[in-house]
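Student: In case you want the letters, here they are:
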Amino acid sequence: MSAPVVQSAKAYTSLRKKKKWPTYALFFILPAFILYTLFVIVPTLGSVYYSFTSWDGISSDVRFIGLANFVEIWNSPRVRNALQNTLVLTISLVILENILAILLAMLVDKVRWFSKLFRSLFYFPTLLSGIVMGFVWAMMLNYNFGVVNGILSKMGLEAITVDWLGDPRYALLSILLSTVWKGAGYYMIIYLAGLQGIPQELNEAASIDGASSLQQFRHITFPLLAGSVTVCMVLSMISALKIFDQIAVMTDGGPGFETETLTYLIYKVGFGELRQGFGTALAMVLFFIILIITVFQVKVLQKREVEM
Amino acid sequence: MISRKKWMRFSALILGASLVLSACGGGSSNANNAANAPTSGGNTAPSQQEDKQPVSFTIGYATGDPATKKAIADTIQRFTEKNSHITIKDYSETSSASYLDWLKTKDAVGEFPDLVEMRDTEVFADAGKIVELPSDLIELFNDPPKVEGKVWNAPMQVNSPQGIIYSKKAYEAAGVTELPTTYDEFLEIQEKLKASGISPLVVGGKDIFHMGFWVNKFLVDQVYADDPDWNSKRTAQEVSFTDANVVQAMTDYKELFQNYVDKGWLSTGDNQTASFLVTEKAAQLFSGTWMFTQIAEADPNFEFGFYAIPDREGKLNVIGLPSPAGWSISTEASKDAGKQEAIKEFIRFFFEPENYSLYLASINAIPSTKEAVTYESSEQMQVVLELMADPNVNKSLAINNWWGENQIPPQFRNWYYKLLQELVVTDGDVLDYMKQADTEYDNQVKVNAM
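Residue numbers (our numbering), protein chains in the order written: chain A, 1 to 308; chain B, 1 to 450.
Because the hints were derived from the structure by calculation, they are not lab data.
Here the structure is a predicted model, which is why all the values come from computation and not from measurement.
Warning: the hint list may mix true and false statements.
[Unchecked claim] Counterexamples of contact, computed for chain B against chain A with all Cβ distances above 10 Å:
1) E111
2) D126
3) S267
4) E297
5) P353
6) N392
[Claimed, not checked] Below, in silico cross-link-like pairs of lysine-lysine (BS3-like), each with a Cα-Cα straight-line distance of 27 Å or less:
7) B/K335 / B/K254
8) A/K154 / B/K254
9) A/K242 / B/K146
10) B/K129 / B/K168
11) B/K233 / B/K263
12) B/K263 / B/K194
13) A/K154 / B/K281
14) A/K154 / B/K263
15) B/K150 / B/K106
16) B/K335 / B/K146
17) B/K82 / B/K70
18) B/K233 / B/K150
The C-beta atom is built at its ideal place from N, Cα and C for all residues, glycine as well.
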């Protein structure tokens, strides 16, 4: 017997009213709830208090300073720069990762030979931690010893070798491309699952009707991937807003402050600059930014799913 | 050119220098304090050890310089081999983070080391993280610096001058026959080196602490040499980063970096600079005495010299005053008598002449102890010792090493160095950037006062 398909939140609420969960089900939820409360909810609520203090993170002297941290955030050019970098990276990552992931998914879906090999190859970078990936790319992009400049030099293109991570014109771009390389494989798997769920007859019928491959993609494949797009867009956006490892390893936020993002700035001010209170206030701001963008994105994408 | 064999003949007693330096420290010299210490870790008999309770403590120190890291790790190994009842857990690890970031992170996760190399002494002392150095250990040293009238550190060495480490071959190839007597002559040498086809200077700008070498050279020459209390005046807003002397210092820095520093300096780590010299990718490096060993190990046949860069008037101003830094005992560790005694044993062991001399020789450092410590010094180290002994050479400190009224906000140093990186790579206006420095400094002072 198949499970009832819940079409909307209203229908779900109605169903929940009809069927009550047994009391003992609460005991299954309780351990996770306690752990989540202790390690997520309580520290998060604690952070709210620290964001109104000048705590340096090491002393026991925690002084309440009202909205001073938030006023400073509002006026700080460094925060504005980090916010700008975060938004540029997020928008670029969401677009590039998803486009590349869809292309890769279609490729491994269509290819007849070595499809498993390609699937593994494309997925492999996602298995690396951000730190490892950062070190590898930092070495490859190193101006002096890196393989990228080495290859360019061997090809007689020494004139266009640049300090990929030390030049402000290329540092953020280098981080962006290496992160796309790492992340696209993960979303490829989700899109691949979506693609394999599309009935083949639809494309066959369209093909008989004379639709080109591009038209088939535009009017059949892409609309039916709407669910996967929503998931991937939200996941890649949240991941991009929280980008940290690559920046810590590849540029340390530099040159100067050129590649600092909000998460990295939170770490730098909180730990390196002994301003835990200010760092926590920044974390609060980032939390609300992610919350607002996510809610907005989910609403828009879900609406699009229904329309399609 | 002087061969390696030849310069090794320049065997000198660091003792000589340390005696001369005692004039800087101002302390009286009572020999054999270490020898008279209650227990010497290195001399503990095996039968005595069997009676002792096992004890362990954690240790943390800066690992930016590989030679220093190895020297300390070797000392720990020798100590634990001789004191089997004591276990030392070494928290130190090679990290891309600055030492303060690393230490703060360790504290945040509840792993603040029991024995810690302390550089931001006043900050951690104010936070109650470290305790005063026990009086029986203070006696080991020549008048160690005090913060708020108290000694918090066992100084690991005396601050020694930084300067130009140059390839003799590159100088010869560029036709440089005389060392500079003014800063303008130094710039002429850079032009000659550049014209000869070699990159004049390598800078390990990937490591933020490395930026301090050059930045402080210019600040010492044009700010601290004339006004050692400049930091306290800046805090009181009596002077500004936009003052002519600071702007000139930072203009010199910017011009030097834009014209003579190797193109990939922001991708070059401090630990790569030695290889740049010995592989002839660059002709010079501005750094400290710890690099001598690294360079000699990278290529034993590489011939190099060392000198301090004079200022425009030909005066020599170098890093060389004492500052409160060194081994500190954590407050938590001090609550455990057994642990504290083990830590004290380690500190005594570390500063015993036969062990301390190995540490000093590894990094070419100047001893901080009252007791005589000798090791064979190189030709380059001779120059350092002469600079330290010369009363006409002005001794100063880096921007972040002053203390008391002259302590800058602890978070300012790295911020300032990063700002100066940005100044170079964006070809920014020095005055605009110094205005930013003023704003940030005042803001940090204000925040710290809250």
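Student: Each hint: holds or not?
Tutor: Status of the hints after comparison with the structure:
A cut-off of 10 Å between C-beta atoms confirms that B/E111 is not in contact with chain A; the least separation is 13 Å. A Cβ of chain A approaches the Cβ of B/D126 within 10 Å, the least distance being about 7 Å, so the stated non-interface status is violated. The Cβ of B/S267 sits about 4 Å from the closest Cβ of chain A, inside the 10 Å cut-off, so the non-interface label is violated. Remark: the non-interface label on B/E297 is consistent with the geometry, its nearest Cβ contact in chain A lying 19 Å away (cut-off 10 Å).
At the 10 Å boundary, the C-beta of B/P353 stays outside the reach of chain A, the nearest C-beta of that chain being 35 Å off. Against the 10 Å criterion, B/N392 stays outside the reach of chain A, whose nearest CB is about 38 Å from its own CB. Distance restraint check for B/K335 and B/K254: the Cα-Cα separation of roughly 49 Å exceeds the 27 Å cut-off, and the hinted pair is therefore not satisfied. In summary, the hint linking A/K154 to B/K254 is not supported, as the alpha carbons are separated by about 32 Å, beyond the 27 Å threshold.
For the given pair, A/K242 sits about 43 Å from B/K146 by alpha-carbon distance, which is inconsistent with the 27 Å threshold. Restraint check for B/K129 and B/K168: not satisfied, since their Cα atoms lie roughly 47 Å apart, outside the 27 Å limit. Taking the CA atoms of B/K233 and B/K263, the gap is near 36 Å; set against the 27 Å cutoff, the hint is violated. Among the hinted pairs, B/K263 with B/K194 is consistent with the structure: their alpha-carbon atoms are about 13 Å apart, no more than 27 Å.
Taking the CA atoms of A/K154 and B/K281, the gap is near 18 Å; set against the 27 Å cutoff, the hint holds. For the hint linking A/K154 to B/K263, the alpha-carbon distance of about 19 Å falls within 27 Å, and the restraint holds. For a cut-off of 27 Å, the pair hint linking B/K150 to B/K106 stands: about 25 Å separates their Cα positions. Only pairs whose Cα atoms come within 27 Å are accepted, and B/K335 paired with B/K146 is accepted, the gap being roughly 23 Å.
Proximity of B/K82 to B/K70 is assessed by CA-CA distance (about 18 Å); at most 27 Å being required, the pair is judged to hold. A C-alpha spacing of about 24 Å is found between B/K233 and B/K150, which places the hinted pair at or below 27 Å, so the restraint holds.
In summary, the structure is inconsistent with hints 2, 3, 7, 8, 9, 10, 11 from the numbered list given earlier, while agreeing with the others.
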